[in-house]
Every structure is written in C-alpha cells, then in structure tokens.
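Number of protein chains: 4
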Amino acid sequence: MKSLNVGLIGYQFMGRAHSNAWRQVDKFFSLPVKPVLHTICGRDAQRVEAAARQLGWQKTATRWQDVVSDPEIDIIDISTANDTHAEIAIAAAKAGKSILCEKPLARNVREAEAMLAAVKKAGVVHMICHNYRRIPAIAQAKKMIAAGDLGRIFHYRARYLQDWIVDPDFPLVWRLQGKLAGSGAHGDINAHIIDLGRHLVGELVEVCGHLETFIKERPLPGSKGRKGRVTVDDAAVTLGRFKNGALCNLEASRFALGRKNHLQLEINGSKGSLVFDLEDMNRLKFFDNADPSDRQGYRDILVTEPVHPYAGAWWPPGHILGYEHTFVHTVFDFLKAVAKGRPVEPSFAEGLQNQRVLAAIEKSSTTRRWVKIPR
Amino acid sequence: MKSLNVGLIGYQFMGRAHSNAWRQVDKFFSLPVKPVLHTICGRDAQRVEAAARQLGWQKTATRWQDVVSDPEIDIIDISTANDTHAEIAIAAAKAGKSILCEKPLARNVREAEAMLAAVKKAGVVHMICHNYRRIPAIAQAKKMIAAGDLGRIFHYRARYLQDWIVDPDFPLVWRLQGKLAGSGAHGDINAHIIDLGRHLVGELVEVCGHLETFIKERPLPGSKGRKGRVTVDDAAVTLGRFKNGALCNLEASRFALGRKNHLQLEINGSKGSLVFDLEDMNRLKFFDNADPSDRQGYRDILVTEPVHPYAGAWWPPGHILGYEHTFVHTVFDFLKAVAKGRPVEPSFAEGLQNQRVLAAIEKSSTTRRWVKIPR
Amino acid sequence: MKSLNVGLIGYQFMGRAHSNAWRQVDKFFSLPVKPVLHTICGRDAQRVEAAARQLGWQKTATRWQDVVSDPEIDIIDISTANDTHAEIAIAAAKAGKSILCEKPLARNVREAEAMLAAVKKAGVVHMICHNYRRIPAIAQAKKMIAAGDLGRIFHYRARYLQDWIVDPDFPLVWRLQGKLAGSGAHGDINAHIIDLGRHLVGELVEVCGHLETFIKERPLPGSKGRKGRVTVDDAAVTLGRFKNGALCNLEASRFALGRKNHLQLEINGSKGSLVFDLEDMNRLKFFDNADPSDRQGYRDILVTEPVHPYAGAWWPPGHILGYEHTFVHTVFDFLKAVAKGRPVEPSFAEGLQNQRVLAAIEKSSTTRRWVKIPR
Amino acid sequence: MKSLNVGLIGYQFMGRAHSNAWRQVDKFFSLPVKPVLHTICGRDAQRVEAAARQLGWQKTATRWQDVVSDPEIDIIDISTANDTHAEIAIAAAKAGKSILCEKPLARNVREAEAMLAAVKKAGVVHMICHNYRRIPAIAQAKKMIAAGDLGRIFHYRARYLQDWIVDPDFPLVWRLQGKLAGSGAHGDINAHIIDLGRHLVGELVEVCGHLETFIKERPLPGSKGRKGRVTVDDAAVTLGRFKNGALCNLEASRFALGRKNHLQLEINGSKGSLVFDLEDMNRLKFFDNADPSDRQGYRDILVTEPVHPYAGAWWPPGHILGYEHTFVHTVFDFLKAVAKGRPVEPSFAEGLQNQRVLAAIEKSSTTRRWVKIPR
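Protein chains in written order, with the numbering used here: chain A, 29 to 403; chain B, 29 to 403; chain C, 29 to 403; chain D, 29 to 403.
Among the hints, erroneous ones may be present.
Which copy is meant is left open, so a pair is good if it fits within one copy or across any two.
Below, in silico cross-link-like pairs of lysine-lysine (DSS-like), each with a Cα-Cα straight-line distance of 27 Å or less [claimed, not checked]:
no., residue 1, residue 2
1, 271, 244
2, 55, 368
3, 244, 400
4, 252, 299
5, 55, 271
6, 364, 55
7, 30, 55
8, 30, 271
Calculated directly from the structure, the hints in this document are not laboratory data.
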C-alpha cells in the first residue's frame, strides 16, 4: 500500500490532537493509503524532540520551511497559531503539498483569499480542519437535513460557552492579545458555530453582532502586579439571516461559569427540530412532527449505531466516542481525498467564507448596525 | 343538577389534598353531578374547625360515626391513618354510602378482605385512592400498553425514594411505630409502585423481598434524650415475577439523600420501552423499536396535549400540572361512577390484591425465600 | 375578616387562570382579607353565565363599565385582550379600585404612560400580572442574585419558544392580526423574558432586534380558501446591553417544533450561574464557583422545600407545582398589598418600562441598528 | 527506557480494545517503561495476520502456548473467550509472565481459585481487566467515598441494560450457549456491576437472585429454520446485603429496548449520594447534604478537569473521553505495577471474589432462597 508522509507544523494542543488522528486513523478505518508520521516541526528543538518521542513522529524540524520543502513529505498539516497559517499554507501550496489547516483559516479575509488563491493555482488538495462537522451526531444531522427531514428551516440558534478566564487574575496570555490572536472568543469558538450553521443551514447573508470585553485589564504574565490591556473580545453575540430565510442567533463566551466546552445548537424546521450539545456529543435530539400526536417528543438518539456516520468503525452500540475521534474522522476523509486527488469539504473556500462572516460581525460591532456579507 | 354531599374523614396531608380535589373538580371537568363539601371530620374540634374554614367545608364533626350515619351524606372519603380504614369503611358500606378510601386499603389482608366483603354486600361504589394511576403520563402509558405498543413485556423496574428520615436524630413519630403505621416505606411508598406495576403490567405471582431498618433507635418525641425502638422498615427491596412472565424489581426507601419524591419506573417490552419519573411527572419517555434504525431514541413526550388523558381540561400544551391534580382526576372518575352507580377502578378488590403482595413480601423477608401470592 | 370583592373582566384563558387564583389563594395561604369572586364580565351574556357557573363567580356582567362603577367591587382584574387594557384600567383607577392587569400592560408606550399616570393620580394599588416572577424557582433565583451569590453578572440569555402556528394552514386568528394583537411572539412571549431579565439582572439600556414573519399569508377563518396577510411577527430575536454591563440575548418564536412552552434562561456571573426552564419549572440549576474544584457542577435544585419561596404553603418536598400556582402566588402578594394599601411589584411602572423595551426592539427592527431605551 | 513486550491472546472486540490501550498509553501518560506490541495470537492464521496489520502488532502466532513460552514476552494479555482464561493464565504464571486477564476471571470458582493459586505461587504481577473502575468519574467516586464524603452507605443500586437480543430471530450464537459462554447477561454484564459494587461499597455477604431466559429457543446459525435451546440467562435480578449493612439491588438484562450500554448506578449514604451512567460516562452526579438547605441538589460534575483522576492526561476541560480510554488507564496502572514488580488492583483475588458472588446468585436462583457468600 502506498504511503503518504505527513509533516506536522505545531505540537501543542492541536498538534497533539492531530498527531493522534494520524496515528489512529488506519487502526480503525480502511484506507487506500498508509499515513506515516514523518516529521513534526516546532521552533524549540528540545521541546519538539520530546513531542516527537511522545507523539510518535519519526523526525523533527525547527523551521517549517524545511518541512514544506522536504520532497519526502506529501501532506502539510498546519496546527500552529493563527498568525502563521497563511504564510505556511501558501508556501506548501507552491511546493505542491496537500494541506490540512486548522481553523480559523487566517487572521483576516485578505489572508484567507490569498490562501485560497494559492491552493487553487497549485491544484493541491486543501481542507480546513473544522473537526466538529465530523462528530457522528453532526454528520447524522447533516444527512437528515439534506434528506429534507426538517423541511423548511426557520431557526438556527447556537452557543459556545466556556469559563476559563472568568477570574480577573487570569493573566494576559497571548490568546488575549489582539496582535497575536486576532480575536478572542470570536475567532476561537464563534468560528465553530458559524461554520456549523453554514454547514447545516446554508449561507448567511446579513449579520448584526456585538463583541464585548468584560475585563479590560489583566496581570502581565511574569511581571509582578503590572497589568496590561486586553485587546480581544471576551464574548460575542450575533443575530443573522440565512439566504433561505432562516434566522440565526449566536453566542460565544468565555465568561459562562460552569460551561466548560458547551457548544449547544438547535435547528427548527417545518417538519422537525434537531438539538445537539458538544458536552454530550454522542447524542442527537430529534423532534419529528410526523409522529402520532399523543407520542411526539424529542428523541434522544444515541449516535453509536453501525448505521450512523463513522460510528461503526469503533465500538458496539452505546460505547461512546470522545473529543479526539472527530479529528480521526477528518483525517480519514482527507486521506481518501488526497489518495484520489479529489476535493474534500470543508475546503479553504469554506474557511474563507467563514472569515467573511467573522469580519462582518466585527464591522457590525463597530458600526452598530446590520452588515451584509459579501460572497 | 343533582348534588352529592361528601363527608371527609381526616384533615391532614391527605385531607388537604382530597379537599382540594372535591373543590376543584367541577371547575375544570364537566360532571353530571355537583360535589358539595358537606362535612369534614377530625377528633380535635378546634383544629377541625380551622381546617373546615381553610379548606372550604360547610360543617364539621369530631366523630366519624356521626358522619357515616348522617342521611344527608352521599360519599364517605376516608383520609385517616391506616389503622381506622377498615372500621370506617365497613360502617360506611352498611350505611349505603359510596366510598373513596386512601391507600393502603388496610393494615393487613384480613381487614382488606372484610372491607371488600362489606362493600360488595352493600352494593355501594367503592374506590381506593391510588391517585398516581391518573397522572396523565401514567394514563397515557396504560393506554399505550393496552394498545399493544410495547408488545410482550419483559421488565418492570421501579423505585420510590425519599430522604426525610436519614438524620438519626429525626424523632420516633407515629409513622415509625409499627403498631400505628403497620409498616414504614413498605406500606407507604412501596405500595405505590406495587399498584402501578399491577396496573401497567399485570398480576404478580411470586415475590422475594427484604425489609431493612437502618436506624434501630430514635429519640422519643418530647422526651429529652430518651430513645425508643423503630418498629417499621426504613427500606424495602423486592424481586418478583408477573403472571405474563415479566420480571419485577422494586426498591422503596426513605434513606436516599437528594431523592425527595423520586418514583421512577421503566417498562421494557418486545416493541418498545416506557420510562416515567414522578418528580418530572408531566413527561413520559417512549422508545419505539419501529422507528428507523438511524433515528431511534427515547422520545421525551410532554404529556400536556389535548389528546392526552385529562390534560385537555387544564391549560394549553406545555403548561404543566402539579401533584394535586392527580386527586382531581381521581375524584372526577369516582364522581362519574357514583352518579351512574357503576364500578370504578381501582376498586377495593385492587386494594386487597395490593395488600396480598405487601404481605407476601413481608413474609419473604422473614423466611428468606420466595413466596407465592394467593389470588 | 374583611372581604375584598373582585371584579374580573375576561373569562378566557387568562380569565380561567385568574379565577382559579382568586378561588385557591386563601385555601393555601394565610391572608388578612378574604377575596370574594364577586362579578365576572364578558360581552357574550350566555357564555359569561356559563363561565361564572363553572369558575365559581357570584354575578355576571356584560359591560365592563358596570363592574368598574359597582361600589361593591374593590378590585378590578383585567384579563381581556390587549387593546382594552388602557381604557378599563384608567376608568378603574378613577373609580378608586385596586387593579391587577394582565401583561403586556398596553398596546404601546403612550397607553402605558397614561395608565401609570392614572393609577398614580388615583393613588390606587396597581400591579401587572407577570406571574412568572413568582414561580418558586424564579423567586429563589431573585433571592440568590440579590444576596450577591452570582457576583457581577455577565450574561442573560433567554428564549421562549412555542410551535402552535408552524402549520401554514393554521388560520389568521385575531392573535395574528396587528390591529387587534399589537404584535405576535414579541408582545406575547418576548415580553415575558424581557420582564424576567429586567427583574433578575437590571435595566436594559440598549437593544438591537429583528422581527420576522415566516408565513406571510394564512387562510381567513370561515372563508373557504381565501387568505389574508399576517400582520404580526412570528419570531423576534434580540441583542441587548444592561446598565450593569451584562449582555442580553433573547429569542421568542412560535416556530420551534417540539417546543411547547419552552422558556429557558441562563444567567452567568463572576461567582456562579443559574439556569431555569419553564417546562421543568420546579427546578433551578445553580453552579457555585466556590465549590471544591473536583466536585463543581450545576446543582439540580428541586425548589419544593419549605425554605423555598411560596413552596411551603403547598405540599411536602418533591411534590411538584404546576402552571396555575404562579397566579395564586401573584394574587397572594397583591391581596396583602391591597389589604395594607401598600405598593406591590411589578407595578404599572414596570409594565411601562417593559413596553419601552418592546418599542425599542420594534424600532430597531425597522432601522436595522441599535436603539437606546429611554427611562 | 526499558521495553516490556506484550503478547496478546485474542483479537476480537476485547483484542481491539486492548491493542488500542497498549498503543496509546505512552502517547498520553508518562511511563517508566515502554510497552511494545510484540505478538498477537489467534487460531485463524489469516485473520490474525490481518488483525496484526490493522492493530499494529509486530508478530503473530496461532497457538497461545507459543506466546506464553516465548522468552521475549514479558506480559500476557488474555482477551480470549471465557473458557480458555484459566488454562492460559496458569501456563503464563508458570512461565513467569505478568498477566492481564479479561473479566470474568473464569467460568467458575474452582477455575478462579486455581488461577489465583498459580499467580501467587509464581509471584507474578496479575490483574483482572475491570476497566470501568478506571473511568475518571468512577475513580473520582471511589476517592470521595474513601474520603468519607458519603458517610455511612445505605444503598447501592445498579443496572446494566442492553437490547441486542430482543429480536427472537437473533440466532443462537456462542454467547447464548452455556457450554461456551458459561452464562449470559449474568457473567457478561452483571459481573461489571457486581465488581463496581464491591469496589465502591464493600464486600457482599449474602445475595438472592433470579436468572431468567425469556426466549427459550432461537434459530441455529447457518441452519435454515432449525432452532436450538438457549442455555444461558437473558436477564439477572439480584438483591444483596453488604458487610457494612448497605443494601444491594442489581439488574442485568439484554432485553431492555432502547438501552444500548446503560450501566447506571446510585449510591446513597448518610452524608451524600452519587449517581453515574455509563452512556454519559464523563459525568458524576453528587448530592451533598452539607449544602445550604435552599440550594441543595445533585451536582452534575463534568469529570474532565485536571484535578480529576486520569483526565488531565488528555484534553482541556469539557473535551470528553470515550469508552476505550478506560482500557488505556487500566494498562497505565498495570504497566507501572509491572515495572516496579508491585501488586495492582483489581488482582485475581478480586476476580475470584466476584466469581463467588456470581456463583452464589446462580445457586440462589435454583434454590429460591438467600445464599451466603464464602470468603
């Protein structure tokens, strides 16, 4: 079987999750190719060595340029911080590599456009890693919506809530600095529910949003008592309208005590409704208006049956999957696409369109009015 | 419209709940007769006067014999402690009154048999107040089971858990004294899940049970520091087999911290399953095995639709009912039966059979083996 | 004990709920006065007679003016459609009656201002019936927030979802006609979550909203096949900011299949969070950030303990209350205020301020931008 | 770092789960040794070859004797069917290997005793794979109980429900044949809740159980229309008493439609209660009686914090784990024990005691009375 050599740039949270996916995918799924954990790259030689040992990579590199230009490498996986995505992706495209890139695609629309142009010009396979699309429950929801089981859609409401910076003494880490992170909850978690909304319901045509920073100053890390300005949002609330007439209501926040990774979404249509909760991600709730009138109610579907997307590759019914499985599913579909040289969704084009929505919300937060989304 | 005069014996917890039912029933349901809150009876003249004023009764009495022999009274409602049910009911039957009696029917099988014989001989309408049968969700469950929606039944498991005597300093009130109360959790709450099991699944033929008293001594009320022996059970666990082959698993306890009035039951059949929880009593969960394989799951039915039993008489869908409504439904059906001189379920015969099951469990707890239930 | 004679205008859904409250309040709560169900009023003589019989009123009237001017009447309870509130309330104030008025207070800010001016001038007791404020769980939430248990509040998110007009063949009833109903989901159910937000979190200073009508035309009742224009909203989505800096996110819709009376709200503060769901209204979920780090989690509080607001007057712990109990609590507090001639919350001033928020959202929906709320 | 070579006997469901654990453990946990997936063994050469390729093993074998006698192998992992555990384990002990054995330990008490004797005599490290003990939520529960947070324990109730053989046309596979499987739901899933009860609450001293076979005959696989007798139980219900006075109530069934892998347990003590559900295995519910009286309620603890057992090795809070992670935790603790030559729990002694409980229940089901458990 043909091998595909992977070069992974980044070894932190996402680097660990992606490493796991490359390592696990052929243990559970049948593939026409064999992924090889060829090179992992990070700026700190000692730490990247340790990461390679722990995560199972054959080689290390400290300059991403070396990985991108390595002729042995087939796939570049970009799991670095947001501000380096564009540069690496464009170089990888020029080098003819297949590219998997973490979300959000870039820091802004301009960068995202350049990235899309580069991969198109190079004709390489490209994918943005919106792993939540491949949660079995979400894939099942997509299938049902595509089959018309919800009818005309009226509402998409979603929230992504966390609570890790409620403490005002939490320091001003890089993720809270606009220059490095781009934005706060907005690009980090609002991006997820925007992508899921576009994936499940359709294109957004107009938005109105508000970004808020509750704690304006925080302790500078390592400096006793000195404080610095927080330059990203703590929370983002958004209204929107989809092309098909459905309403959109989004809330992303890092200030919701008790909500750890609480992505909850609900879709209401003319024939039924769907509800999903990431902290309970093996379930999908479905209300079917065609059920007899005295026995209607949200069905609590445990999405672990062989008939459900991806689920059959793992364990018997009722044996639940966890967070990292979603990356395995993503890498599975990506590898099939690379093997056949075919496109795969979500492509960079999707990433670019998400970026346009993010930008429109930011603009709306400043102008205090609704903003149309270009396409 | 013809009036029916009610004489209520007892004015405490059950007296208040029954008073409410007599008062409310014709405000929400259409009846061929008009119930009149004629006389309330209790041994303490002052307190029964206060109760009459608060609860809306026209007259008071301090001797139940006076109520039973009052020619103006049509219905005797027995809401007293367990040890007086038989005496009052038998006298009321002889006096030709229609009788509604609180559960458990009596202190033992012998008393219950005498009560049933008396009402049969007198030809009066008789009913035991197992109000939970008329929770809309339970009535809906009964309807579905009767229609065969569950197929052959394999399992009935139920538990009724409370926590009001976990504290060892809780005093030795009358409910914890065998002479007055008969039994503890067994007759008080196990009786409910036994009745629901027989109502929903069928006759029990054999049981094996164990009664446990965790706290053997408790402070005597009003006596500083002195303690007395607890002579009832704190908890009862039971296995059983139904005539139709289904298994029964029951647990009743007053020692389950955090469980306030937690009656939870589940029935599994060859075509579907049902789940009910009294603390969430407006819902019924239903698993239908005929649903398509990728969208099966317990349906969370909010039993507040006009199509559901009793629910339409109250409020629009989604506006939930409370505990006391179940007594209103019971009294509604009882009054219809009295008006037409027809039998109504659950009759004293049901109360007697429940008593036989209770007795068999007690015997089993002593003999340490399975015990057959006579019929 | 002194009696207070009540005159109720209206006998439909709200008339039934209010009748129940007047009838039940002194059966469960101790009052310094006795409410008397004196007169019920409706335009159709025959139907109001039937309502009086069923609901327990002594007299009937067909002109509200006769009730307002009746010297025997102490209290006017306005449960009519929205378009008559102002007229009746102003007349009742002039007649010196205590007034309980259904929500929303009026059709618009101008009417509401006139009503408030009238009751102030007359010096009568006035209250708007926002019954949800007196759900025990909500009253408990209010108590906890007032005690500072949540700390600084960051988020209020609430949704009130129903599904009764999803069917496009549902006819164009008066509630879907702007002239009669004022608005749709907006004034009917958005009003509730606006009031709860102001009650629990504080004043709103700015809003941005969007009203949507999904089904533009519906069958005219009684006319075969002809259709008329729907002139109210089907759904309303709103962002807002509170004076204390908290963000507000609201959604009200009649187009959410499977949601019957789904009012769900969540409040996140710097010390804790609260979650409430009307379809499960006996519970309040509370996250306490002061709990030990390895055992933090939303507590599922069953708000039926004697220590909880209003709950002790009813049944033992775990015996749940229903929808109509909230009106009993409202009437209880109103009667105490009337007996002592003291103000009671929420007064017409609260109703007026809610109206200003409703109006600001409507304006924002037209101007497509944020709108400040006057005070 | 020292390597430890693993020989895995069996490659089906458990073989896949164990392979994953050996492969993943050092990617997430720090170990003083390096596990090597040395040899996988199965009777069918072709299929074991395929398994080795897919699951990541270096060599294959078709006779377990060859693996046990291979001097390169340090650890024997027994993941075969129940009827071969004793033979393999005893041989492996004699060969001086460390042994991890799937549950139930053996087919009967006699075999289990022989296995324990063998590992004791050989002085090797031995462990039975009761992986559910190392679900983070269960490990957290154990910690809390050990710290006295529940006080005196009154109740342990647990059920393990599945639904995969409700269909009477499901064939008579080997798991439904007594000779091969030993028992049905009893040894397969009752064994799990027995082990968890003993782990969390203490020793059982007495039991009373009933084994039931609902469907007595089933189609023979591969034979058109012919049927054979089912010689194992479909369901097992059990009452029991623990040494510390707590009551035990167990139910294991393969006939509960809609329950896929539904292991639910509840423990009630004098200070608090705990609830766990395997289908929602990242959560633990905890009722703390020391909470203020107006804000008591089951806490819904998401057991994904760094402070929780095992959880910190994986992902950030709120990113849930799945079924197979429990094997990784088991193998992690086993490897540490092997590296240091120290005992690890649950040892074969625990497996033997579980076997005694299983045997006592079987005996009780026949004698129809309570049976004492030897120790």
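message: I want to check one pair: residue 55 and residue 271. Are their C-alpha atoms no more than 27 Å apart within a copy, between two copies, both, or neither?
response: neither (41 Å within a copy, 45 Å between copies)
query: How would you classify residue 252 and residue 299 at a CA-CA limit of 27 Å: within, between, both, or neither?
result: between (59 Å within a copy, 25 Å between copies)
- prompt: Are the CA atoms of residue 364 and residue 55 at most 27 Å apart within a copy, between copies, both, or neither?
  reply: Classified as both: same-chain Cα gap 15 Å, cross-chain 25 Å, threshold 27 Å.
- prompt: Is it within a copy, between copies, both, or neither that the alpha carbon of residue 30 lies no farther than 27 Å from that of residue 55?
  reply: Both: 16 Å inside a copy, 25 Å across copies.
query: Is it within, between, both or neither when you check residue 271 against residue 244 at 27 Å Cα-Cα?
result: between (36 Å within a copy, 17 Å between copies)
Intra/inter-copy verdict for residue 244 and residue 400 if alpha-carbon distance must be at most 27 Å: between (29 Å within a copy, 23 Å between copies)
- request: Give the relationship of residue 30 and residue 271 under a CA distance limit of 27 Å: within one copy only, between copies only, both, or neither.
  value: neither (43 Å within a copy, 61 Å between copies)
message: When Cα atoms must be at most 27 Å apart, do residue 55 and residue 368 count as within-copy, between-copy, both, or neither?
response: Classified as within: same-chain Cα gap 20 Å, cross-chain 31 Å, threshold 27 Å.
The structure fails to meet hints 5, 8 from the earlier list, while all remaining hints are met.
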